[in-house]
Amino acid sequence: AQKITQTQPGMFVQEKEAVTLDCTYDTSDPSYGLFWYKQPSSGEMIFLIYQGSYDQQNATEGRYSLNFQKARKSANLVISASQLGDSAMYFCAMRGPVNQGGKLIFGQGTELSVKP
Amino acid sequence: NAGVTQTPKFRILKIGQSMTLQCTQDMNHNYMYWYRQDPGMGLKLIYYSVGAGITDKGEVPNGYNVSRSTTEDFPLRLELAAPSQTSVYFCASSGLAGKPGHTGELFFGEGSRLTVL
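Order-wise, the sequence lines are chains W and L. With this note's numbering, letter number 26 in the first sequence gets 26, and the count goes up by one each step, no holes. With this note's numbering, letter number 46 in the second sequence gets 46, and the count goes up by one each step, no holes.
The set of hints was computed from the structure by calculation and includes no laboratory data. A virtual CB, placed ideally from N, CA and C, is assigned to each residue, including glycine. Please note that a few of the clues may not be correct.
[To be verified] Calculated lysine-lysine pairs in the DSBU-like style (CA-CA distance at most 35 Å, straight line): (1) LYS73/W <-> LYS57/L; (2) LYS44/L <-> LYS9/L; (3) LYS9/L <-> LYS70/W; (4) LYS115/W <-> LYS9/L; (5) LYS115/W <-> LYS16/W; (6) LYS115/W <-> LYS70/W; (7) LYS44/L <-> LYS16/W; (8) LYS16/W <-> LYS70/W; (9) LYS3/W <-> LYS73/W; (10) LYS70/W <-> LYS44/L; (11) LYS44/L <-> LYS73/W.
[Claimed, not checked] If we take Cβ atoms under 8 Å as the criterion, some of the chain L residues that face chain W in the derived model are: (12) MET27; (13) TYR33; (14) GLY42; (15) VAL60; (16) GLU72; (17) PHE90; (18) GLU105.
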């Protein structure tokens with residue numbers, strides 16, 4: 001069975017500093033995808049970044065990067081130069097093999113607060 | 001750029017009432033999903049569909065039904081509403097993952113907040 005774990009219910013970071021949000025996963029499938037979504041207080045789900053299990057390099061999207069450590073089964077999100085607008089809930093999610101419907105399972109989330 | 005559209009955005013139901021949450025997408029995606037999000041929690045999959053006429057249960061399907069008669073629409077039916085169904089419901093869609101350039105990311109609607117009293 002697949003499982004996603006986010007062990008940090010809440011995090012604080014000073015504006016302009018970098019922050020790492022932890023995510024570990026468990027799966028026996030060799031093919032999977034890892035995603036991070038942001039959910040601001042307004043409630044919408046915003047896709048941030050994706051890492052495929054066969055991707056050799058860590059994914060990056062602007063200020064977001066995914067620290068993918070396959071052997072440790074971790075997929076931590078790194079946000080560089082934090083901004084006040086980064087304050088939100090962040091969810092890690094995993095998708096299993098494509099032939100299993102493409103559905104995502106989500107972690108419990110980490111609430112990030114950026115301090116001015 | 002409509003994307004995924006859910007209606008209604010807010011609804012209050014009495015125990016035992018029924019209702020349908022509507023979801024439509026205009027991206028010609030094959031895959032569609034319904035999730036629920038309880039306060040302070042992650043999203044849990046209720047039902048999903050890989051194409052018109054095909055639906056399957058997710059993690060928490062009890063008390064819900066779905067249908068997928070067209071590619072665009074994926075309504076969620078709540079029968080005999082219970083307080084435990086108070087939640088925010090998200091509909092999402094996805095293109096075909098595994099093809100070059102396709103991550104299979106989910107595109108979400110804005111959510112529907114349902115309260116059962």
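Verification of the hints:
Restraint check for LYS73/W and LYS57/L: satisfied, since their Cα atoms lie roughly 27 Å apart, inside the 35 Å limit. In summary, the hint linking LYS44/L to LYS9/L is supported, as the alpha carbons are separated by about 19 Å, within the 35 Å threshold. Taken as a hint, the LYS9/L and LYS70/W pair is broken in the structure, with Cα atoms around 39 Å apart against an allowance of 35 Å. Among the hinted pairs, LYS115/W with LYS9/L is consistent with the structure: their alpha-carbon atoms are about 31 Å apart, no more than 35 Å.
For the hint pairing LYS115/W with LYS16/W, the CA-to-CA distance comes to about 9 Å; that is within 35 Å, so the pair holds. For the given pair, LYS115/W sits about 32 Å from LYS70/W by alpha-carbon distance, which is consistent with the 35 Å threshold. With a CA separation close to 33 Å, the supplied pair LYS44/L and LYS16/W stays within the 35 Å bound. As the CA atoms of LYS16/W and LYS70/W are separated by approximately 29 Å, the hinted pair is consistent with the 35 Å bound.
Straight-line distance between C-alpha atoms of LYS3/W and LYS73/W comes to about 11 Å, which keeps the hinted pair within the 35 Å bound. For the proposed pair LYS70/W and LYS44/L, the alpha carbon gap of about 25 Å is at most 35 Å, so the pair holds. Taken as a hint, the LYS44/L and LYS73/W pair is honoured in the structure, with Cα atoms around 22 Å apart against an allowance of 35 Å. For MET27/L, the suggested interface contact is broken, since its CB lies about 14 Å from the closest CB of chain W, more than 8 Å.
A distance limit of 8 Å between C-beta atoms decides the matter here; for TYR33/L the minimum to chain W is near 6 Å, and the interface restraint holds. The interface hint given for GLY42/L holds, since its Cβ lies 4 Å from the closest Cβ of chain W, which is under the 8 Å cut-off. Look at VAL60/L: its Cβ only gets to about 12 Å from chain W, farther than 8 Å, so that hint breaks. Restraint check, GLU72/L versus chain W: the minimum CB separation of about 17 Å is more than 8 Å; hint violated.
Hint status for PHE90/L relative to chain W: holds, with the closest Cβ pair at about 7 Å, below 8 Å. Nearest Cβ of chain W to the Cβ of GLU105/L: about 5 Å, under the 8 Å cut. The hint holds.
The structure shown violates the earlier hints numbered 3, 12, 15, 16.
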